[in-house]
Amino acid sequence: MAKKKTSKKATTKKAARKKTSRRRGPVSAKRDAETIASIEGLAEQVTKDGLKGRDPSVEIPLRTVSNMNWNKRKRILEMGDATQSRELFNVGQARKFMQTLLLAKGCKDLIEAQKTLSLRGMYYMSLHTIEGTKEKTFNEQSESDTVLEDLEVGLGGLREELHVFAKKRGTMVGNITIEDNGDEIDCRRMGTGGYAIPSICEPSVIQFKQCDAKFVLHVEKDTVWSRFNEDRFWEKHNCILTEGSGQPPRGVRRLLHRLNKELGLPIYCLLDCDPWGHYIYSVIKQGSINLAFESERMAIPDAKFMGIRAEDYDRYDLSSDVRIALNDRDVTRARQIADYPWFKDKKPWQKEIKKLLSNGFKMEVESLITKDISYVTEVYVPERLKDKGKYFLD
Amino acid sequence: MPPAAAATRKKKSRKAATAESMAAMQREISVSEFFAKNRHLLGFDNPRKAVLTTVKEAVDNALDACEEAGILPDISVQMLQLDETRFKITIQDNGPGIVRRQIENIFGKLLYGSKFHRMKMSRGQQGIGISAAGMYGLMTTGKPVRIISKTGKRKPAHEVVLKIDTSKNRAEVVSDTEHPEDDKHFPDGHGTIVAIELEGKYQKGRQSIDEYLEQTAIANPHARITWTSPTNETVEFPRAMDELPAEAKEIKPHPKGIELGTLIQMLERTEPTSVSSFLQNEFSRVGQRKASDLIKLADKKTSKTITPRTRISTMGHDEAEALYKAIQDTSIMAPPTDCLVPIGSRALLAGLLKEVQAEFFAAATRPPAVYRGNPFQMEVAIAFGGDLPRDDSARILRFANRVPLLYQQSACSSFKAVLETGWKNYGLSQPRGSLPTGPLVVMVHMASVWVPFTSESKEAIADYDEIRKELRLALQECGRKLGTYLRRRQKMKKEAERRSVFERYIGEIATACHNITGTDARALFVALKKIAARKTEEADQTLDQDGKVVDTRDPLEKDDDVIILHDRSAHPDDEADALFKDDIPSRKLPRRGSKAAKRTVSRKKTGKKASRKR
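Order-wise, the sequence lines are chains A and B.
Count the first sequence with our numbering and you get residues 2 to 395, in order.
Count the second sequence with our numbering and you get residues 200 to 813, in order.
Quick caveat, the hints were computed from the structure, so don't treat them as lab data.
Among the hints, erroneous ones may be present.
Derived SDA-like pairs (lysine to any residue); straight-line CA-CA distance at most 25 Å [said to hold, decoys possible]:
(1) A/K53 with B/D719
(2) A/K53 with B/T718
(3) A/K137 with B/T735
(4) B/K248 with B/P651
(5) B/K693 with A/N91
(6) B/K728 with A/E113
(7) B/K248 with B/Q479
(8) B/K734 with A/K169
(9) A/K169 with A/W71
(10) B/K451 with B/P437
(11) A/K352 with A/E367
(12) A/K53 with B/F724
(13) B/K451 with B/S609
(14) B/K734 with A/Q85
(15) B/K503 with B/Q479
(16) B/K729 with A/K352
(17) A/K262 with A/K137
(18) A/K53 with B/E736
(19) B/K690 with A/K49
(20) B/K354 with B/T339
(21) A/K53 with B/T350
(22) B/K400 with B/S654
(23) B/K236 with B/A722
(24) A/K49 with B/F724
(25) B/K403 with B/M691
(26) A/K135 with B/K236
(27) B/K729 with A/E45
(28) B/K728 with A/Q94
Remember, it's a predicted structure, so these values are computed and weren't measured experimentally.
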């Protein structure tokens, strides 16, 4: 249930306005028409109910742990059938009901204009003071964000199909050339900054051109990624190097998914040795609880966990200074994760989490720097790549 | 005295008193002297209280006299400032007047009156009050009391100036004039004027004459009172009903209320007769059968023989004690209660409604009960909300036999009963061991043939268990109604909030739907609004604890003893008019704290005939 807090909400004030479709819109015309039809269906249902004196309500699939199934065969998280009825005539839901309709209207306007907006842009678009009151339609962006997610699942459409995107986060370099909205981008020549992975990575926006890479190394955050990029690790090992700034946003996950599915590249994750690192891995591999409805197009069941491992403290004889004591929250979270069905029957993972708990401390990827500045790129990762069976966790 | 003893005496340095010299100093103390020294016992502790007590005693007497004579009381009180600390208080009534030969006794003698020796509900009890006031005046100013009284149209008015001789507890007539035709003072042909000059202090506010008269007017809606203050402001408390309260019947003592000593005294004092007829004649609720039961039982309790025909003159202490024990062991019907005249719930509410700017009023009248053989009846009314101060402690208005009690609140049984009532159960906050806080006024009235005051100045009701119990039950009855009302109000507020939440968003939703599908926004808006109204209305009809649908009408509104002013802005008089259409003609009373209203308000004729008994 607990999800890693992403910085999605802290979007820059400047509502990034995406370049209008120079060549085409972000979504195909056919899917746009479908989305508009479902928005209209929603409003029509409300109107019909209202005029007939019935209680207007919107059915929204539940996005909770209870309504989430672990599909053992597909090895991904799937959303169950349970829905929640959002009613106008319920004191606790009336405001959200109103917000849902406001955002539905906003999305329809966006699609018709063939434009996209950021989450923050959507918040401003539907923001006004309710007539005759001092109440605002939205008090803060987080309110509109959650309602938008509800609308997404409620309409059975994706955020991208609603022409809404999140702030872009995540970076990529490597032996691959892609086309982004018609512009060809050679990811081998991205300098020190790398290619910023956009929020929408649908095939209609990004196409893969030429790829020589043999695998994808995904690291947790920007600092580690910079180390690898500076050491030109991707060149030496012929791979693609990505990072997701903590919990990877949808764009990064979608891109990794496509690299895995379309190009058959294995995904290796280098994450911190703590419950949050483990959960990032879990989200990349099985999908997140909140966006379980998108697992089919996001989750990478074949992704592998490369490190940092709890045993590495002894194995690499790390200085005791790198230890960060586990706090109560960490311990609780670690136990929760060990209890997830997709970790439950994996003995190595149970051992790993047990070791973490018995260590009583966490370690960041950066802790390897205490050995040598480039220890991680020159010793740690290459050693692991050579003997995957010994070091990798599934 | 033996010489040895005398010698030992002489050794002592100081001069010792002898039995003889002491005997020379020992003499009778007259009641007047006693009270002259202990005037605080009568309510003359300080100058401010002295003027109040004087007015109070005179007004109480006037009301008693008028009611007993079947006259609608018309009383005027005037207070004139003569000097910085000297006042002249004049009280005039239209009562039956006092015959010439009784004037000295009534006004010049302490403990002289008609009310002490009988069991009848009245304001005065001991016959101390007015003569004590005169005595106080004489002591502080040296000026005698002036009384003018006229007993009938064709009878002369007597003007008597009296001084009280404290040592003899007797009045001394200073002057006595007869005015054969003094009709200018007495338009009704009869009445009494008392004028007392005294040292005092006049101050408005709590425990003032103004407050006393105001509360008197609440409890005596049949009286008309005119009050002229030292600042020469005149306030009229008009008559609110043209019918006197039912006359209180005089009753005989109840056997259970008699102590052994009193019984022996009664046996000695009564005309010689048989035990049986003694019991039947001197007590209430003792008939022939009950008398013979008592005598049979008494006979068993003593070695001597008692038969119904035993002469009481032959009865000694043993027989009396046996009779006393027999009374204690026999169940005797409670004393008759027609001797009690409660104010009545409706009149109580009417009084409060005019006095207190509240939104909720409830009253409860308990059935009569008995303490120490004295029948009594408790009445409680409460007012809540409205313009009453929200953060103060509750205010208690206490009355005994229609007389407001202004002092010694914390010593009063009613105060203790209010304290021990769990107001938290009724939705009020109540700090431990104190009065509830909130916009609450509690009015308590005790009607009894003998109100047990804690002191002669009649300020607090003594704390008998029976009295406290009745009070508590009455308070609880009112409290429950208040609790119901408050919960109801809370719920209504919640419903209104619910509705406003729905209505707030309906406009937005209609517009959004219109923008998406192009439907008629107005039609949808109206339709949704209708659903919202229906929804919140449905919610009004909730289930009670037993799962039954509660009547959507407020159950309190069906209660005769409750008044709820839904809209405080509506004039309470109008509300009252609606409520009391056939009950009490409503007239405007000066409102508390409103300056304009304090001025004389001309009596408004409504022409409605009041019938208080329903």
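Below or equal to 25 Å on CA atoms is what counts here, so check A/K262 against A/K137. violated, 44 Å
Does the alpha-carbon distance linking B/K503 and B/Q479 stay inside the 25 Å limit? holds, 22 Å
Check the hint pairing A/K137 with B/T735 against an upper bound of 25 Å on the C-alpha distance. It holds: about 24 Å lies between the C-alpha atoms, which stays within 25 Å.
Does B/S609 lie within 25 Å of B/K451 when you go C-alpha to C-alpha? violated, 32 Å
Can you confirm whether the C-alpha distance between B/K729 and A/E45 stays at or below 25 Å? holds, 19 Å
Check whether the Cα positions of B/K451 and B/P437 lie no farther apart than 25 Å. violated, 36 Å
Pairwise hint evaluation, B/A722 against B/K236, where the allowed Cα distance is 25 Å at most: violated, 87 Å
Proposed proximity, B/P651 with B/K248 (alpha carbon, max 25 Å): The hint holds at about 21 Å.
Agreement of A/K352 and A/E367 with the hint, judged by alpha carbon distance not exceeding 25 Å: holds, 23 Å
So if I understand the rule, the pair passes when the alpha-carbon distance is 25 Å or less; does B/K690 with A/K49 pass? violated, 32 Å
Proposed proximity, B/D719 with A/K53 (alpha carbon, max 25 Å): holds, 14 Å
Distance restraint between A/K49 and B/F724, which requires alpha-carbon spacing of 25 Å or less: holds, 12 Å
Checked against the numbered hints given earlier, this structure breaks hints 6, 7, 8, 9, 10, 13, 16, 17, 19, 20, 21, 23, 25 and 26; the rest are met.
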